[in-house]
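**Student:** Keeping the supplied structure of chain C fixed, place chain G upon it in accordance with the hints.
These protein sequences, in sequence, are chains C and G. Just so you know, we're using my numbering here: the first sequence kicks off at 178 and counts up by one. Just so you know, we're using my numbering here: the second sequence kicks off at 84 and counts up by one.
A few of these clues could be false.
Across the chosen pairs, the derived CB separations fall in these ranges [to be verified]:
(1) Gln206/G <-> Gln781/C: 18 to 24 Å
(2) Asp149/G <-> Asp431/C: 41 to 47 Å
(3) Leu139/G <-> Gln779/C: 33 to 39 Å
(4) Asn423/C <-> Met218/G: 42 to 48 Å
Partial selection, computed: residues in chain C whose CB lies under 10 Å from chain G [claimed, not checked]:
(5) His457
(6) Lys466
(7) Pro750
(8) Met759
It should be emphasised that the hints constitute simulated quantities derived from the structure, not laboratory data. Don't be surprised by glycine CBs; every beta carbon is placed ideally from N, CA and C.
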Amino acid sequence: MDQGAAAGTGGTFISLSETEQRCYSGLHALCQPDGTGTPAAGKVAELFRASQLPADTLHQITEVCGAKRLGYFGCGQFYVALKLMAAAQAGLPVRLESVAGELPLPVFVGITRDPEMRYPTHPPTNESQPHIAGSAPRPPADRPVFRHPESSMDEQEAWSPPRSPPRSPSAYHSYPYSAQRNGTDALLAYDGKLSSRSSVSQENSSPSHYFVRLQPEPLPITQVSSVDYSDDPWRITEEQREYYTNQFKSLQPDLNALILGTTAKNFFTKSKLPIPELSHIWELSDVDKDGALTFSEFCIAFHLIVARKNSYVLPETLPPTLRPGYVDQGVTQSEELSSVDRQVTSRPGVNTCKQDTRDERRQSEFSPKRLPDASEKPIRRVSTLKPDSPQELDASMKSRTRPRSHSSTSIDDAMKKAEEPPTPPPRPQKTHSRASSLDLNKLFQQSGQASKSSWLPPPPALPPRPPATQIFSFRHGSNKNTQKAVQQPNFADFSRFREVQETSTPPQRPDLRGGLSTEDLAPPKTDPSAALQGHAPQKPVRRKLHPDSQSATPPSGTPSSAATLTKSTQRLPPKQKRAIQMAIRKNRETNAVLTRLNSELQQQLKVVHRERVTLESQLDLLRPVTSA
Amino acid sequence: MAVCIAVIAKENYPLYIRSVPTQGELKFHYTVHTSLDVVEEKISGVGKALADQRELYLGLLYPTEDYKVYGYVTNSKVKFVIVVDSSNTSLRDNEIRSMFRKLHNSFTDVMCNPFYNPGDQIQSKAFDSIVSAMMVQAC
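Bound-form chain C, shown alone (with noise of 0.2 Å):
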């Protein structure tokens, strides 16, 4: 109803921030005592001069707003007017341009502000906005709310945006919030003329705070310089990114590829938030619908992971800093477009009106802008851009979900090859040694069982290793899970994970396995462990269902890897090197069984052949007689 009113005025559209908003309507609210819409002149008259502007410049506000016209202040007018005034006291002049911009709030000296009238109007003007969007871009904009709260009650009395009640939840916000604002010279860029002491004096109040409230968080994320913070807590920093980079890695390797659905939810369920709002999390970062993470939409999620346990509320869309077009700054402008239509019903400004704001840096504050605007006027636009729009968006939507399909495969193939380059697929032989026990209905059996088979030991040298324990799923797409469970470590915690590696050399058996847990491995660590043993004894399995193809590189590959095994059981305790032995043993024995299965098969291969042969003679000889 505010845009509605401010746009009908002289048919330029006015936007109007959040705070101003807020701000606006309770002044509206101040001066109509009639209830009818139009403020009373007396009062905006008293207000005008509460706003200690020259004469003259008041009457060029009342003419430039239209009063003068209509003889009245109506609803928009009014709100022309406030801004105008805000303008006036930036030291801008008087026109209509200079409110086209972002101002900080007009100031008003001597208005008597009634706190209990203030209340009942705030809340519902605030739920009346963007009812349809939901509360979509209000926690983004509540960093300018906050700002200029704090800042105005340093000095002026009354005047400053009333906190309705509902908005309890954010004045806990508010002091990581404002913590974040240490960088005073982005503060007063994004105030413009707001005067700077006051916000100043805010910012003061420990600047650390923000770093402060990360450390506990098992993200050591570390801090270096303030400086590197925005105004922004949705912007990622160089530090966070780099952080984000690591954790990437230590799931996938390779930047480019994609981290598919199932890594990335044991990942983030890691972090121990609630299961909705991790759902949240991922509508919001997967960007391009595919299941998958890419690099840049991993770096979103991981960003709103951290805000929400620095106890941020998550937005209902994503806020312009941490977009993908903003984080990577390699993508097109209609990707952005795209993705933020998907939440809002498209006007066609938006994309203008979002290079506007990006420019003057800010991003945080306009699109919450527009998105309530948006919002506002679903009824009216939703008849004609929603045909465009949703056709846009079933396109890019489709064109999105048709990678789908393929995504699984490649990654699949991209993530295990990215790994395996140092060993040769029938590395995965070892692991299965402790399985064989020579009867191969006990493999079945095995399966099952989390505390068997030798974990053949990896060598020191770490990176040839983490493909050996994870090719073994290359060869079972079923077993991917496990396979993500290796991957990932302790959450956050990558040193951990070389530890892990070598202090996972000793093998698993049953009596070591106490000397494991000791070492203070967590869970997940062990569970992958486990899964692969569990992993070691189906392979046999597929290996009796498939001996033609299979068993032949057993063999090849069983001495390899003995060699190897033998050369790293020099490097170590004796202990483990008699348990390497006794796995190199099991391996040999299993490759004997295997070698004789292959015999086996080959033999009755060769049975059918010759009796096919003889059945293809015997109906070469009837077809004559059947024919004639």
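**Tutor:** Relative to the frame of chain C, chain G by itself:
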């Protein structure tokens, strides 16, 4: 503009039901439930037609004096049901189809979310917003 939109799982329990005039919600639940019979009839009716030949959009399931019910079934037997007001005669078939297409797309987006377990109630806000956009503006 739909009056009620429902997503029914393969086992014929609702994953998501939303109707606009909330006082008549029970009536819409009942309508959707009965329309499931018609859906079943349509998808199992043609014996020789294979699944990929079957049209996803089922069309008008049955009209009553108050409203019309349209159906759409996906290849995984998830059904979408839209109830529209009969008085809203301007809705053409193509518009209904496009509504179903949008529903299907947002449903696949929900499915893509690894935190969504198939068979759960759909709680996605994005899906909600799409559905709300399609519903009659009751205010």
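**Student:** Which numbered hints are broken by the structure, listed smallest first?
**Tutor:** Those not satisfied are hints 1, 2, 3, 7, 8.
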